[in-house]
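Student: Per our numbering, the sequence shown runs over residues 1 to 104.
Any given hint might turn out to be false.
Between beta-carbon pairs, the in silico distance windows are [to be verified]:
(1) Q49 to Q26: 22 to 28 angstroms
(2) G4 to A60: 24 to 30 angstroms
(3) D78 to S44: 25 to 31 angstroms
Since the hints were derived computationally from the structure, they do not count as laboratory data.
Heads up, the beta-carbon is just placed ideally off N, CA and C, and yes, glycines get one too.
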Amino acid sequence: MSEGNYLVEQLTQRVLEAARHGQWDQVIVLYGQRLSQGPQQSLSLPTIQALMESDQWLLARVKEVQAAINQQLNDIQDQRRKLGVLKRQWGEDPTSPVRHLLTI
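Modelling step: build the complete structure from the supplied sequences, incorporating the hints.
Tutor: Here it is in structure tokens:
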């Protein structure tokens, strides 16, 4: 295995590990380092195949995370909508800041 193959494979493994831990800033940095290694035509066929499999896994993971974030945003939007309804039912302006009154 050439030194270029080894370095690219090592960076790819670090990218995958960072993605598994949700360290997306690190994924971007490491992926950039991998791309800066030059043209990938000089890599061996097994290395290219391994990179493609890793990239496909990473793409699937990114899509899963995006879907989860979108779901959370939708849930938050629903909660805000319900809160606005409750505020209107209580006669408050839904845009006014929240005040908490303590009564004893």
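Student: A separate judgement is required for each hint: does it hold in the structure or not?
Tutor: Verification of the hints:
Distance hint check for Q49 and Q26: the Cβ-Cβ separation is about 25 angstroms, which falls inside the suggested range of 22 to 28 angstroms. For the hinted restraint 24 to 30 angstroms between G4 and A60, the CB-CB distance of approximately 27 angstroms keeps it satisfied. Taking 25 to 31 angstroms as the suggested C-beta distance range, the pair D78 and S44 does not conform, at roughly 51 angstroms.
The earlier numbered hint that this structure contradicts is number 3, and it is the only one.
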